[in-house]
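J.: Chain L is already provided as a structure; the job is to place chain E on it using the hints.
Number of protein chains: 2
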Amino acid sequence: MATWNNLDTLASYEKLTGMKDRVNIVEAMSGENGADRVAKYNVPMVAGLNFNYAAKEVDDTILNTLSELADEHQLVEKFEELYNGAVINTGEGRMVLHHLARRQLGNPVLDNGVDKRDFYVSQQKKAAEFAEKVHAGEITNAAGEKFTTVVQIGIGGSDLGPRALYMALENWAKANDTFKMEAKFISNVDPDDAAAVLNSIDVSRSLFIVVSKSGTTLETLTNEAFVKDALKKAGLDSSKHMLAATSETSPLAQGDDYLESFFMDNYIGGRYSSSSVVGGVVLSLAFGGDIYGRILEGAADADELCKNKDLTKNPAMLDALIGVYERNVQGYPNTAVLPYSQALIRFPAHLQQCDMESNGKTVNRDGKPVNYATGPVIFGEPGTNGQHSFYQLLHQGTDIVPLQFVGFKKSQLATDVVIEGSTSQQKLCANVAAQIIAFACGKDDENPNKKFEGGRPSSIIIGDQLTPESLGAILAHFENKIMFQGFIWNVNSFDQEGVQLGKVLATKVLAHETDGALKAFSDLLDI
Amino acid sequence: MATWNNLDTLASYEKLTGMKDRVNIVEAMSGENGADRVAKYNVPMVAGLNFNYAAKEVDDTILNTLSELADEHQLVEKFEELYNGAVINTGEGRMVLHHLARRQLGNPVLDNGVDKRDFYVSQQKKAAEFAEKVHAGEITNAAGEKFTTVVQIGIGGSDLGPRALYMALENWAKANDTFKMEAKFISNVDPDDAAAVLNSIDVSRSLFIVVSKSGTTLETLTNEAFVKDALKKAGLDSSKHMLAATSETSPLAQGDDYLESFFMDNYIGGRYSSSSVVGGVVLSLAFGGDIYGRILEGAADADELCKNKDLTKNPAMLDALIGVYERNVQGYPNTAVLPYSQALIRFPAHLQQCDMESNGKTVNRDGKPVNYATGPVIFGEPGTNGQHSFYQLLHQGTDIVPLQFVGFKKSQLATDVVIEGSTSQQKLCANVAAQIIAFACGKDDENPNKKFEGGRPSSIIIGDQLTPESLGAILAHFENKIMFQGFIWNVNSFDQEGVQLGKVLATKVLAHETDGALKAFSDLLDI
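Sequences listed follow chains L and E, in order. Sequential numbering of the first sequence, starting at 228, is according to this note's numbering. Sequential numbering of the second sequence, starting at 228, is according to this note's numbering.
Derived from the structure by calculation, the hints contain no laboratory data. Just so you know, not all the hints are guaranteed correct.
Since the list gives no way to pick out one identical chain from another, each pair is judged satisfied if it fits inside one copy or across any two copies.
With a Cα cut of at most 20 Å, we get these calculated SDA-like pairs of lysine to any residue [as the list claims (entries may be wrong)]:
1. K373 / Q331
2. K678 / E319
3. K411 / R573
4. K460 / A641
5. K735 / T288
6. K411 / E397
7. K678 / Y599
8. K746 / N260
9. K411 / I572
10. K595 / D671
11. K595 / K678
12. K411 / M394
13. K636 / D750
From a predicted model like this one, the values you see are computed outputs, not experimental measurements.
Chain L with its partners taken away, still in its complex shape (with noise of 0.2 Å):
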């Protein structure tokens, strides 16, 4: 058994803490030596990733430190506890079992006598099949039409990592023939938000899959009433058009409102939900079952080097630990995400949940008041249009913001032209190489105006290409490296205590049972 402690109890903390602006990045960056940084302070990782962090304010002594961390941490045993279906989810009592969605990385894992990795393959299979019979046109609707469309609604994790997924294998698939159906996506209560997508589709060759894992959330229930309504309008029978994505003991999961229902359990977080069936319906319908099986396989091969203790073969872990040094004894608030890729321009979005909702606690594990900073403020575009919009702070700006580059030697649809002797995809590249340099070594100039200080460190991702494959592997790289850092800040990076006020006060404004500014708010917005 691993044993849980707060970050600032550890002596390699201790020791970590007196490294404070060690690494002088203009300096190490420059020259043959920033060549050599290069070389060395690389990490292969799967799909023909490569984690490069060369400009990052780190050197060996650090790397050590973190190291000899990692190890009084424990970090790779937690790891081990997790996947063997220990309840890490303190908060809610629970396992965390997305990893187990894609891989048995160990030991059986049992609930209620159910084995879990067969519950979990069971639900894949019975969502590839429905979509092999949609594309097939063996399920059809009331006219025997097939499907064209299917529209997700949910919200949160039900919403952002299976978008963000779509878009970034939307233009492959149409590359590689796997293109099946259309996807949208109704998540906001905001009526504006439903009306505008169904007013682009046509409802009657549209599926629709209702995603609530507790068959409770406003926005879903609404958003499906709103879906009801229009198909009831247009003369359908709303039974034959949606689907259910929930959990077995839910509302939804009841009665025969729905053509098919798919099962997951409490051990899956929203925002870790990808590769439970809130992704996996919607993708497989999307793209076939099979590019959904490949982004699991993907991710799966990512989640296999988390068993490295050697922390130069354990990419996730590095790089949490990096994030932790830079948010612990640098003391930057703040990450960028930016994807030289515009497949990926949601997936800062997604990343944005995916941290900031796992790690933005000030309690631990055991619900005790923690003494440091836990998760930095994630956002990012994507580039190279960011360069022309926020990047002049990130370069010249009065704080550090600490980058993570993400890049790719091939486009998705290989539709390139040459202009001035280079394709757009070489240019796309440049300028990522450009940056990591600009931002690190800067540049002197008479005018202070025109001069950069440099000192911004940055990492990257390199991979040939965006596939199912790489996907799969950046998604699992980026929630691996969350919950390495929930194991070092010491937090529960699996529950959301944080979003259940607000909800509390909105039911009481609704109901008109409220009073002092709440009211007075309230009446303002005409409720």
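T.: Chain E alone, transformed into the frame defined by chain L:
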């Protein structure tokens, strides 16, 4: 003439720094005192909007000191100099005239004998008349068919603002019978961006606007070539499909490659160019010139408020000063922008550019380093979506993030359903009201994991509905807030030298003129 000094030279700022943690908003917002604050700390804006700052960490004493600071720093006088044509963009030696494109606020502004107001109005008319001819079928493709789609090719300010405004009004225009043409946007040099947009449209019935002030932006010229290639392959004459929005002296303004050219000048920066032809052409084509004119009117009405020396009648200046109190006295590094409106989904990305690129500076307007924090990191997503995502950290994380809410009483499409006694729009509004109080007041609990400290400051802009006028007013409010903050920090908010180094290095990479770490990264990326 106003005197331009650094913030830390002001007596009022010295006084303000002594007011750290003066207001406990948990107490201030509880009970009837909270309701009083909601009534009292409310400033009417224009177009039916109100700026409410009851839940900010201010009281009358702080507000009086902020008012002293505004006077001592001559903020309104500085704005007056700006709209009367002073060289406010010191780094580039240029006037700053985006306000003038909306309305003449002061004296005539002449440049080489040209009245700049006349110039902006003439270009707006040209765009409106051109759009009308397209809508009427007087300007068609070679086959005599009407154009159905307009594609903007631009990056940064040529993309984010116009795209955010288009998305903000797309549904409103459809509901109000003023929707004329679908707009699409190509921005990223990633070839998959242009290829995917081209795959989604009928190029034979599309107009393309190439937007680049200098006519030398690499991404935009590359994407222009990409589009011309596609037109040629489709057997079409690109000069009958392409428009230019550029400066009169740029390479794009020469020759006969374009069906029509629209002109901008050097006095409206990219991130402020929704008010120049950069926004004017695409939005006039999408919605009609009269709708675009209504956006400008709403913005101009908001600009007029900025002439008020009385802080309680100048919401943008008030917002700016509270932001500086939060940034420099309270020490908060970030601000989240949280619109409770799906239509504003890309508005935070636009504000992220506008704010971070304007005020992410370490030197003052005279090129001397400053000794205080300047522009914060800006990020955000629409509510209620964000509530199911990163709000966990905002409620219970270790850092405090000031919040900027936006909400509307009415939806745009007016399609709604009643579930459990309330409409979706009521639920949306109930949630934003509830969040303000949850963040400000928190909630005690025996279980520390379910405890909310509160004390998390926010303000809200409340509107009747998101219309062209209120959208313009919100756009101008934030632009003017940023302008006033630039005055307060004494930085030049209108240049962006921090984006240059990356461009220079990327060019070297493409020419294979690199060594050291830059060459090593280029090799890893197969350039």
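J.: Determine for every hint whether it applies to the structure shown.
T.: Do the hints match the structure? See the list:
1. When the C-alpha separation of K373 and Q331 is checked against a cutoff of 20 Å, the pair qualifies neither within a copy, at 36 Å, nor between copies, at 58 Å.
2. Only between protomers do K678 and E319 lie at most 20 Å apart by alpha-carbon distance; the minimum there is 15 Å, versus 51 Å within a single protomer.
3. For the identical chains of this complex, K411 and R573 are neighbours both inside a copy (14 Å) and across copies (18 Å), given an alpha-carbon limit of 20 Å.
4. In this assembly of identical chains, the alpha carbons of K460 and A641 lie at most 20 Å apart only when taken from different copies (16 Å versus 43 Å within one copy).
5. Taking the shortest Cα distances, K735 and T288 never come within 20 Å of each other, neither inside one copy (55 Å) nor across copies (33 Å).
6. Proximity of K411 to E397 under the C-alpha cut-off of 20 Å is found in both arrangements, the shortest distances being 12 Å within a copy and 17 Å between copies.
7. In the homo-oligomer, the alpha carbons of K678 and Y599 lie at most 20 Å apart only across protomers (18 Å), although the nearest pairing inside one protomer, at 34 Å, exceeds that limit.
8. With identical chains, the CA atoms of K746 and N260 are at most 20 Å apart between copies only, with a shortest distance of 12 Å across copies and 63 Å within one.
9. When the C-alpha separation of K411 and I572 is checked against a cutoff of 20 Å, the pair qualifies both within a copy, at 16 Å, and between copies, at 16 Å.
10. Proximity of K595 and D671 under a CA criterion of 20 Å is satisfied inter-copy only: 15 Å between copies versus 48 Å inside one chain copy.
11. In this homomeric assembly, K595 and K678 come within 20 Å of each other (Cα to Cα) only across copies, at 11 Å, whereas the closest approach inside a single copy is 46 Å.
12. Taking the shortest Cα distances, K411 and M394 sit within 20 Å of each other both inside one copy (10 Å) and across copies (17 Å).
13. When the C-alpha separation of K636 and D750 is checked against a cutoff of 20 Å, the pair qualifies only between copies, where the shortest distance is 10 Å, while the shortest distance within a copy is 55 Å.
Hint violations for this structure: numbers 1, 5, all remaining hints satisfied.
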